[in-house]
Each structure stands twice: as C-alpha cells, then as structure tokens.
Amino acid sequence: MTLLEVKGVTLRFGGLVALDDVSFAVEPGELVGLIGPNGAGKTTLFNAINGVYPITSGTIAFQGMRIDGSPSHAVARLGVARTHQVVRPLADLTVRENVTVGACFGREGLGLDAARAASVEALDIVGLASKRDELAAKLNVSQKKRLELARALAAHPHLLLADEVLAGLNANEVAEMLGVFRTVREQQVGIVMIEHLMHAVMNVSDRVVVLDHGAKIAEGSPQQISSDPKVIEAYLGDPKVAERFMAEAR
Amino acid sequence: MTALRSRFLWPLLGLIALVAALPLVTNAASQREDFFLIFMLVILASSLNIIMGYSGYVSFGHIVFFGMGGYVAFWLMFTFQTHLLVAALAAGLVASAIAFLIGAPILRLRGAYFALATIGINEAMKSLVTNFEPFGGAVGMFFNFSVYDAYGGARSAAQLAYVAMAVVALATIFTSFVIKKSKFGLALMAIREDQDVAMVLGVDPARAKVQAYVISAFFPALAGAIFFFKSGIIEPGPAFELLRSIEALVMVMLGGIGTVAGPIVGAAVYEWLRSTLITTPALSSFHLFIAGLLLLVVVLFVTAGLVGFLRHRFLAVRRYVE
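These protein sequences, in sequence, are chains A and B.
Oh and the first sequence: position 65 is 64 in numbering that gives the first Met the number 0, straight run, nothing missing.
Oh and the second sequence: position 276 is 275 in numbering that gives the first Met the number 0, straight run, nothing missing.
Listed next, the in silico BS3-like pairs over lysine-lysine satisfying Cα-Cα at most 27 Å (straight line):
#1 K125(B) <-> K229(B)
#2 K180(B) <-> K130(A)
#3 K6(A) <-> K229(A)
#4 K130(A) <-> K182(B)
#5 K137(A) <-> K180(B)
#6 K182(B) <-> K137(A)
It should be emphasised that the hints constitute simulated quantities derived from the structure, not laboratory data.
Computed from a prediction, not measured in an experiment: that's the story for all the values here.
Model the full assembly from the supplied sequences, consistent with the hints where possible.
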C-alpha cells in the first residue's frame, strides 16, 4: 500500500499561495528527496502533511487513511515523525528525556520504561549516547540536529519527514547521517528529506521532487532531475547555486 | 511502576509523617497549630506546582479551588450535618469538576493571558458567592458550637482536622511525585518546554493540560474544607483571598519550581519567615514587603529556587532529591 499520498494539495495564507496543487507519493522503504530554492514551500509542505497547518484544498492520505484535518498529535501517533529545520529541543529536559517523549507518544505509544530503552537505542543510532544525561539546551547545533533525528526515530515511525538534518554538519557527520538514513530505510520506513546539499540528495534519493513557488515543477530519478531544464531554471535566480547544483549532481 | 521504588519518596513521606505526629505525641497545641497551617500551605503550593511547575501554566487564582472547596464542604456540613471527611471529598470532586469545565477554554490561553484569566475566575467566584444566599451571601456561614459534638467535642474535632490536613498534604506530595515520574508528567513537561513540538511528537496538549488542572484543583479544595471546618466560619473574603494565592506562588518559586521537594521547602521556609517577622514588633507590618522582595530575589537571581539550585549544583542532590 502507498505509504503517503499527497493529492492536489493547495495551501493559502490569505492571498499568498504557499502550496499550489502539489501531488506526490511515497512508498514504504523509499527515500524521496524534496528540493527547491529558498521559500519554495518545502517546510510548509511538511507542516501540511503533519497537520501543523490546515490545507485549503486537496487530500493527504497516510496508509490509505485521510489525515488532512487531523491535529498533529494524531498524525504523529499514526506513525509520521518529523525533525525541525530550526532545531527545537525541549531545553530544560535532558537529552534522553527529549527522546523518550518521542517514544512515549509516537506511533508505538510505549510505556515509560520501554520508551527509555527505545530512546537509548535511538541515541546510539545518531551517535549521541554519551550526551544522554545532559540538558538539551547545552548541546551544540550539530548535536541538536542529531537530537531532532533521535526524537523522531525513537517513535519507530512508518514515515520520517527530515527537514535539513544535514545542514551545518561536517563531511564526516554527513556521511554518518546518510548511513543512518540507509539503515532506517532498510526497515521499510519511508523518508522524505528536505536538503540543500545536492550531492547528498542525489546520492541517496530514490526519487526527487522539486518545488518552486509552492508548485511541483519536476519529479523523477536523480539523473532525470539533474538534467531537467525546468529545475535548472528554477535555481537560476541564483546563478552560483545553479552552477554548484549542476556540478555537484554530476 | 518503577517510580514507586524510589529512594526519595518514601523517606520523604516518612519524615513528614514523623514530624506530623510530633505535636500529637507531645500534646503541644501551639505547635500543632503551626504545623496545621504549614501543611495547608504545602497542599496549596504543591498542587499549584502541578499546573505551574510541570505544565508551565502560571495560575494566580489557584486559591479559587480552596475557597470553592471550603464553601461546598461547609455548606454540606452546615445543612446536612455531613461528616467532615465525606464533605471534604465531595468538595474536592466539585472543585475538580469546575476545573474540568473552565480548564478547556482557559488553558488555550498562553502566558500572561492565562494568569489573568485565573485571577478573573477567582474574583468572579468571589462575587458570585457573595451574592449567593444559600451560602450566606456576604456574611458567610458559621457553625453552632454543637456541630463539633458529633466529633467528640471541639478538642477532638481540632485534632481530626489536624490529622486530616497532614494526610492530605502527604497525598498531595505523593501525587506530585507520581506525576513527575510518569509518562503523563513527561507530557506536561514537554508542553511546558514547547507545546508545538510536544504536539508534533504525539502529545495531545489540550487533554494533558486539563487533566493536570483537574488534579491540581482537587487538593486545595480538601484543604479549604478542613481549614474552614476548624475555623467554624467561612466568609467570601478569606475564602477567595488573592493574597494567599500569590503567597503560594512565592512558596513554589522560593522552594523550586517544577520539583517535588521545592513547594514543601518553600512553604515551610516562607511560613517560618512570615511568623518570625510578624512576631517581631519592629518588622510586623513588613512581612508582605519582604515576601515581595524575596520573590524578586528568587526571580532575578535563583530562578530554580532553593531545591532547584542545590540540584543544579550538586550531583548527589540531583540523584536523590526530586
């Protein structure tokens, strides 16, 4: 069964069309890269999927069930987990408590003891186990990014919405994180990944969806996308980015 | 529940029970009066901490549940000669029901707006009761002395009130601890830190907050029932006294917001300070001034309060004291 099916989703904020008739689907175990220039509506699309913003029209179905209109906690319980682009740790709680929240109230709704165990596991996966008793506020940015990911993974979701998890990480850390994504995907978890690091997106994605001004302008394999003139044009607003994009994608 | 195997909870409750038994054994009436008041303040502060410390919703009008509880219980005892313990339980349930009804709309408000709404509710309740004839209106209600005969005379009625207050204080602390160490408590703390993130992680904030509010309303109502039973008189002014609400807030801040031990320490220290000041002739009119000053110092310099400060500072404290 299709894991996530977004059909004709439009989202308006007053006169501003943030999402314009967007459709795409994700299968279990598939990694979809979501790219587009700044302000294209990528994060907004995540917010629409997990119920933070109500959509204006269209439908969103998760495992065949309509989830548009559901509050975000209900969507989370069905098995949709996400990370935030701007990290949002629960500052006054420890790293482990942060992750335990994800395990307690996510898809599996684990009891506290089982959730603690799941949180240690998730912290191990992202390489943050040694920091588990620190307050989340004390982590640096790259650690907070990992915390976001651990919190999402601890819920053992069916679908992971990863919003710029790689930004600000060094080359080693990026490689490690991509390893995490591969492991997660092997467990039949679908992943949608917003990312500006083109080589990363092109390397790990099964499929790439391109947004520009709220509309989907292209979708296809990384090879197709990197040679699609519409995509290159969308990035041409910033020639440097276009150049880098083309170079990195090769 | 692993939380109940705590090395902190049982010694703490045991210690408090021992302290509570002291004036009963030595038959020291004035000490019993002091402890009675401290236990009442512990109940107010500790229950306030559940909504304010764990969930992050600062309530200035927490005293409304004390007043409502006092009134409901007093009316039951006065009209139907209901036994104190039954009347107190009924009062607790009524207070929780009121919290359930007003909780859903006001807990949507954030920050200062919630705090203001709680003051409004307390003032509204006060004027409602002042104009409500079955509760005696502005004059209130008072017992005929013979009411205490059913409890074996005024002396043993006072003793019953004392024991009841101590037991309710223990129950409040127990509840506070269990919440803090539970999945429910984790949800509350996640909401306190960032409600939107909590929601994305699967926490239903509306439900968790109303539950916390309902629980936090129950205990002050019991305290109100017992307190006014012992006084033998209830009036709108003392029942819904905003000042006492603010004092409870100071106790929570002073002892350590969001900790289990904090409100206990805060209540004891605050009451000790207040009674010391009030019995020192030169300072007797300054106790509120000093309370305000204390709050300022805590908010500015030791935001974590006494217990919070010690927990931050010493690993051993953090390991044992919640």
